[in-house]
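Engineer: With chain X fixed as given, assemble chain H onto it according to the hints.
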Amino acid sequence: MIKIVDLHASVEGNEILKGINLTVNAGETHAIMGPNGSGKSTLASVLAGHENFEVTKGSVEFDGQNLLEMTAEDRARAGLFLSFQYPAEIPGVSMTNFMRAAVNEQRKYRKLEPLNASEFLKMMREKAKLVEMDANLIGRSVNEGFSGGEKKRNEIFQMAILDPKLAILDETDSGLDIDALRIVADGVNKLKKQDNALIVITHYQRLLNYIIPDFVHVLYDGRIVKSDGKELAAELEQKGYDWLK
Amino acid sequence: MNYIKIYEERKVSGAKLLNSYREKSFASIEKKGLPDRNEEKYRYTRLKEIFAAEYQLAVETNTVPESLKNKLKTSIPDLDAHFIYTVNGVAEYPVYETEDGITLCSLSQACELSSETVSKYYNTTVDQDDTTALLNTALASDGIFLKVEARRAVSKTIVIINTVTAHCPSFSQQRNLFVFEANAQARLVIINMNPAGDIVVSNNVSEIIIKKNARIEIANIHDDSEQCSQINSIFGRQEEGSSLDCTTITLGGKLIRNNIEIELAGERCENHLYGLTVAEEKQHIDNYTFVNHAAPACESNELFKSIVGGSAVNVFNGRIFVRQDAQKTSAFQSNRNILLSKDAKIYTKPQLEIYADDVKCSHGATVGRLDDEAILYMQARGIGKNQARLLLTFGFASEIIAKIHIPELREYLADKVNNTLSKFYL
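Protein chains in written order, with this note's numbering: chain X, 267 to 511; chain H, 24 to 449.
Bound-form chain X, shown alone (with noise of 0.2 Å):
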């Protein structure tokens, strides 16, 4: 699904990324742990084409393409989907016509024809139950006067509605409360399939009791130190991770 291979970044000359490897194959889940300051974070939005991050050498194929070379937008219509830690807000635009835009942008992209407006409301309400979305925040502006959890729950719904290859959370456990927690993890699981992928970036292991991984990676200065199965995650929560460094 997805090869990186050496990966270098840096935001305003300072490396941040100093050769990560990872391989994520498709029906995987791999968590990345890590402390403050890591690199989780820019390695989601390395991958999501962000366009402060400067990469400086190594590779990412994703899907038999250079994921490096494309744009932001072909990423997500390639397949990638990264939720995102801080989800913007965006004013004026309506939920429906947002993911709308969306999921006609990408299926043009796959060669498909465009949802009417008929399929499409059909279709975002069967994935609004699929994820406990309530309906209120459907009908309103992206993001726009959602609570911290409202947001990250609006991502999992995104992501149910685009149906992507691979997934990337980029701490979506953060700021949720347990019931939140459970929700949004709900919602996760149930997307998960055979030929998709998954890469969860968290902090803490509570979200991992949720969200089984097959795969622990620390993550530090910009390395990945260790990996492993899903055990490593429980004896980071025990230990901290300073016997790491």
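Rather than coming from a laboratory, the hints here were simulated on the basis of the structure. Every clue listed holds true.
Here chain H is said to cover these stretches of chain X; the calculated rule only asks that three of the stretch's residues, wherever they fall, bring their Cβ under 8 Å from a Cβ of chain H: (1) 314-324; (2) 332-339; (3) 356-366.
Label-pair ranges, simulated between beta-carbon atoms: (4) H:Asp-394 x X:Ser-325: 24 to 34 Å; (5) H:Arg-60 x X:Tyr-375: 48 to 58 Å; (6) X:Gly-441 x H:Asp-394: 16 to 26 Å; (7) X:Glu-410 x H:His-386: 20 to 30 Å; (8) H:Glu-434 x X:Ser-440: 39 to 49 Å; (9) H:Asp-366 x X:Glu-278: 22 to 32 Å; (10) X:Ser-413 x H:Glu-396: 17 to 27 Å; (11) H:Glu-396 x X:Val-271: 21 to 31 Å; (12) X:Glu-398 x H:Asp-394: 25 to 35 Å.
Glycine included, C-beta positions come from ideal geometry on N, C-alpha and C.
Structural biologist: Only chain H this time, still in chain X's reference frame:
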């Protein structure tokens, strides 16, 4: 421009009732001259240019060609409304009554049919210091008269379509008088459309009398071709407990100046003024609002937005005046602008004069660019950069369009705005 000739001609041909105001107005203009940029109210707009050319008086006719009517009507499909047309400032007639308790006709007819109402209200709201308005009083011969009797709720929207059919540069004056009696309810739409692209300057005045507890919504739309310039003045007076929503949307036109001046003359009035400008190329759009809180416990709320590209200019001057005895006033004003190009200009000037001490007033103005984070967010969902900009800009505009409670009109405006914005991005 030789308006003396027009004046001399009007003194003879105009309706008697209207003629009685001409002389005094004309004398004031002679004394003061038309506004230049030394006048605070017209500081950012050079009116001289539009008055300087040699215009002819627009041809006066009271029949609108059916072909033109159909063209205008079909641009807002499905709108079930009472339509009335003007050409070069002159109303088509006859339409005397549309529903029980409503009189809709030309102003010159109204001088005969409703002379009592006309003489009671004509020229009672106009700012006598504004010589553009005085010029209208001195020269106008016609326009629309609308009266809604007490306690009537007009079931259909009333749509006035102003158009021009000049074949040479011409100058027209339209004078409207709208009277809404106590507890009346109505929705009024005024659309300036000129599909033919003739060079025309219009200097229009609407007087609006809103009596006790009446509830009125007005949409005022400029969808003119690029050759049209217009000074469009709305002078309103609201009496006790009344409410007025007035939404001004300026999409077309070369130089458009809207004067919206409302006196809150009775207690507990509600007033909402909304505005949207989408300007491109060399358009110059100027919105001047004056909310005069003359009575206690009134509430006014203003939101004007603009999206300005090309080398266009947008001006907003919002004046709020709270008289000493207008205690418990709430008055809010906000002006928000998006600049899309380096040559576009925005002038924004809030002007608050408060003489009462127990009031809640605030104002704010912003000039900004599109939010990069929001654009990136949309890109991350597969929406191209330009499409994202279009969605975001349209979202900014749609807040004002949503203030109009007529779905067919909203749809028409949304299409128009989208088309104009598409030119910026796609």
